[in-house]
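Enquirer: Listed here are the chains, written in short residue letters.
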Amino acid sequence: MPTATGSDEAGWVQAARVENEHTWTSSLPGIESRPVLEYFRGMVETVEPVVLPDIETEKQAGARSELEPGYLVICWDDPVNLMDYVTHVFQVVFGWPKPKAEFHMLQVHNQGKSVLTRESMERAEHYVHQLQSYSLHATMERDR
Amino acid sequence: MKLVRKEKDDFVFDIGKREKRLLLEVLKLYPLIPTAHHGVNKTGGATRSAENQRLLEESLAERKRENKRQLLALLNDEKRFKETDRGCHFTLGAAQMEWLLQVVNDIRVGSWIILGQPDEKKGKPVELKNENARYYAAMEFCGYFQLTLLGAFGGQT
Numbered sequence: 006m007p008t009a010t011g012s013d014e015a016g017w018v019q020a021a022r023v024e025n026e027h028t029w030t031s032s033l034p035g036i037e038s039r040p041v042l043e044y045f046r047g048m049v050e051t052v053e054p055v056v057l058p059d060i061e062t063e064k065q066a067g068a069r070s071e072l073e074p075g076y077l078v079i080c081w082d083d084p085v086n087l088m089d090y091v092t093h094v095f096q097v098v099f100g101w102p103k104p105k106a107e108f109h110m111l112q113v114h115n116q117g118k119s120v121l122t123r124e125s126m127e128r129a130e131h132y133v134h135q136l137q138s139y140s141l142h143a144t145m146e147r148d149r
Numbered sequence: 010m011k012l013v014r015k016e017k018d019d020f021v022f023d024i025g026k027r028e029k030r031l032l033l034e035v036l037k038l039y040p041l042i043p044t045a046h047h048g049v050n051k052t053g054g055a056t057r058s059a060e061n062q063r064l065l066e067e068s069l070a071e072r073k074r075e076n077k078r079q080l081l082a083l084l085n086d087e088k089r090f091k092e093t094d095r096g097c098h099f100t101l102g103a104a105q106m107e108w109l110l111q112v113v114n115d116i117r118v119g120s121w122i123i124l125g126q127p128d129e130k131k132g133k134p135v136e137l138k139n140e141n142a143r144y145y146a147a148m149e150f151c152g153y154f155q156l157t158l159l160g161a162f163g164g165q166t
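Protein sequences appear in the order of chains P and V.
Just remember that the working numbering sits 5 ahead of the position in the first sequence, which is counted from 1.
Just remember that the working numbering sits 9 ahead of the position in the second sequence, which is counted from 1.
Read the hints as simulated data drawn from the structure, not as lab findings.
Glycine included, C-beta positions come from ideal geometry on N, C-alpha and C.
Take the hints with a grain of salt, since some may be wrong.
To be verified - Simulated crosslink set (PhoX-like; lysine-lysine; CA at most 25 Å straight-line): (1) Lys26/V <-> Lys37/V; (2) Lys11/V <-> Lys26/V; (3) Lys131/V <-> Lys118/P; (4) Lys118/P <-> Lys130/V; (5) Lys118/P <-> Lys133/V; (6) Lys91/V <-> Lys26/V; (7) Lys26/V <-> Lys77/V; (8) Lys37/V <-> Lys77/V; (9) Lys103/P <-> Lys11/V; (10) Lys17/V <-> Lys103/P; (11) Lys15/V <-> Lys103/P; (12) Lys88/V <-> Lys37/V; (13) Lys29/V <-> Lys91/V; (14) Lys17/V <-> Lys29/V; (15) Lys29/V <-> Lys88/V; (16) Lys29/V <-> Lys15/V; (17) Lys91/V <-> Lys77/V; (18) Lys37/V <-> Lys73/V.
Stated by the list, open to error - Covered by chain V, per the in silico footprint, the following chain P stretches (three or more residues, Cβ under 8 Å): (19) 86-96; (20) 123-134.
Please work from the sequences and hints to get the whole structure.
Expert: Laid out in C-alpha cells, this is it:
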C-alpha cells in the first residue's frame with residue numbers, strides 16, 4: 006500500500022486534499038475544526054507495533070513415560086527356534102547390527118525373555134506382528 | 010544342499026536329487042502353525058488385546074496365504090532347478106530366501122507343536138508315535154534347510 010508522505014503522497018490522498026481542505030470538518034466533538042487532511046497525516050505515520058514476549062513460567066515437564074504410555078516388545082524363549090534364526094530375524098525386523106541382535110538372542114536364550122524395544126502401541130503392534138510372522142514368540146506389554 | 014555361488018541378488022545352491030525331493034515334500038506341509046497359536050499379550054492384560062489378537066490373526070493369515078501362493082509358484086517353476094550331474098542348481102533371490110526361511114520355520118515350529126511342544130531342558134522329550142513320526146522328521150529337515158539358508162545369508166545381514 007502506498008504511503009502518503011511528501012513526494013510519495015498517493016493520488017487519492019492528493020485528490021482528497023484538493024477536494025476537502027478547508028471545506029470538510031468532522032462532526033465528532035472536539036475535532037470539528039480540524040480538516041480531514043490532518044487525519045490523513047495522522048494515518049501516514051507507521052507505528053511499529055511493540056510486541057514483547059510473554060513471560061510464562063514453564064511447568065515442569067513430566068518424564069517421557071508419564072506423558073506417553075509406552076509398550077514393551079518382548080521376545081520369549083522357546084526350545085524350537087534356532088539361535089542363528091532368531092539373530093537373523095532381529096537383524097531383519099529391527100535393522101540391528103549382528104552384535105546387538107546376538108546380544109538380545111542370548112538374553113532370550115539365557116534369561117527366558119528379552120525386552121527388544123519400547124514403542125507406542127501402534128509401533129509395538131507392528132513389531133509383534135513382524136516377529137510372529139517369523140514364528141517367534143513375541144508379545145507386547147504396557148510399560149508401567 | 011550348499012551354496013555354490015552368489016550372483017548379484019541371486020543365490021545358487023547345489024542340491025542333490027533326494028534333497029530336492031525331500032525339500033519339496035516338506036514344503037507341501039506349509040502352513041502348519043495355527044494362526045491362533047500366538048498371542049499378542051502374554052498375560053492378556055493389555056488394552057485392546059482382543060482387537061490386537063484379531064488383527065494379528067488376520068495379518069498372519071494374509072501373510073501365509075501370500076507365502077503359500079509364492080511357494081506354489083516356486084515349486085512349479087522348473088527354471089529355478091537346473092539339472093546337473095549330481096542333482097541340480099537351485100536359484101533363489103534374496104527376497105525369496107527371506108520368505109522361504111519363514112516358510113521353513115513355520116513348518117519346523119508347526120511340527121514341534123504337533124509333537125506336543127517337547128522341551129528337553131524341562132525334561133519333556135519327544136513322544137514318537139507312528140502318527141507323528143513324519144513331523145519329527147520334518148522338524149529336523151527344516152532345521153537343516155534353515156541353517157543352509159542362514160549360512161548363505163552369512164555376513165550380509
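Enquirer: Which of the stated hints cannot be reconciled with the structure, identified by number in ascending sequence?
Expert: none
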